[in-house]
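Chemist: Can you build the whole structure from these sequences, using the hints too?
Chain order of the listed sequences is X and C.
Each number in this note's numbering comes from the position in the first sequence (counting from 1) with 22 added on.
Each number in this note's numbering comes from the position in the second sequence (counting from 1) with 20 added on.
Warning: the hint list may mix true and false statements.
As the list claims (entries may be wrong) - Below, simulated DSBU-like cross-link-like pairs (lysine-lysine); rule was C-alpha separation at most 35 angstroms, straight line:
hint, chain 1, residue 1, chain 2, residue 2
1, C, K87, C, K22
2, X, K79, C, K22
3, X, K79, C, K76
4, C, K87, X, K79
5, X, K79, C, K62
6, X, K92, X, K79
7, X, K75, X, K92
8, C, K62, X, K33
9, X, K92, C, K62
10, X, K75, C, K62
11, C, K22, X, K75
12, X, K33, X, K92
13, X, K33, C, K22
14, C, K62, C, K22
15, C, K62, C, K87
16, X, K79, X, K33
If you're looking for bench data, these hints aren't it; they were derived computationally from the structure.
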Amino acid sequence: DAGITQSPRHKVTETGTPVTLRCHQTENHRYMYWYRQDPGHGLRLIHYSYGVKDTDKGEVSDGYSVSRSKTEDFLLTLESATSSQTSVYFCAISENSGRRSYNEQFFGPGTRLTVL
Amino acid sequence: QKEVEQNSGPLSVPEGAIASLNCTYSDRGSQSFFWYRQYSGKSPELIMFIYSNGDKEDGRFTAQLNKASQYVSLLIRDSQPSDSATYLCAVKRTGSARQLTFGSGTQLTVLP
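Modeler: Here it is as structure tokens:
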């Protein structure tokens, strides 16, 4: 989706190093989400944000932190990467502009992270 | 029991046939239901959503929702090889504050 970008798109890192993934949106959506996708597990929510500086944990938040200092940017940080965090990470956005929303979420292109 | 369950497949149908994808969910109070299509190596793409019992049609796609039986299905009419992808079912559960719970997906192959 042209309105959502993720960087980097691919990253290889070593165990124990910090890693930050960035999600950038130009849609002015209020909600932003970080998911990981692994074979057999589908998409699992890591953290989400409902506004600038407002974040909350998802079902697999251990080992991850997030920050949102601007509406358009949502950062995911792995403080000390482990091999179990090798995955594909997707950012998603959801609109809440005062009109009725059914929580449709739209996804970015993804980041493939490999932790050696 | 998983909160959202889908048959992993693979499901194969011949070109031109109707593909039927099913999803069951455990939370009876779930409110909105979504179908995403994901091509290999790509991100999920929203196809359609449904929130009322019954059928909702959009082109070749029909979503069907039965809240009493707690299942939602996606029918793809006149299937094309380009429909070959993994289809993800997602559910907004009660009190989940704009979070979606995803199934593991069903892999569909449309054979020419």
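Chemist: Next step is simple, just say for each hint if it's right about the structure.
Modeler: Taking the hints in turn, this is what the structure says about them:
no.	hint	verdict
1	C:K87 - C:K22	17 angstroms, holds
2	X:K79 - C:K22	20 angstroms, holds
3	X:K79 - C:K76	33 angstroms, holds
4	C:K87 - X:K79	28 angstroms, holds
5	X:K79 - C:K62	25 angstroms, holds
6	X:K92 - X:K79	19 angstroms, holds
7	X:K75 - X:K92	8 angstroms, holds
8	C:K62 - X:K33	16 angstroms, holds
9	X:K92 - C:K62	27 angstroms, holds
10	X:K75 - C:K62	29 angstroms, holds
11	C:K22 - X:K75	32 angstroms, holds
12	X:K33 - X:K92	24 angstroms, holds
13	X:K33 - C:K22	31 angstroms, holds
14	C:K62 - C:K22	25 angstroms, holds
15	C:K62 - C:K87	31 angstroms, holds
16	X:K79 - X:K33	24 angstroms, holds
In this structure, every one of the numbered hints holds.
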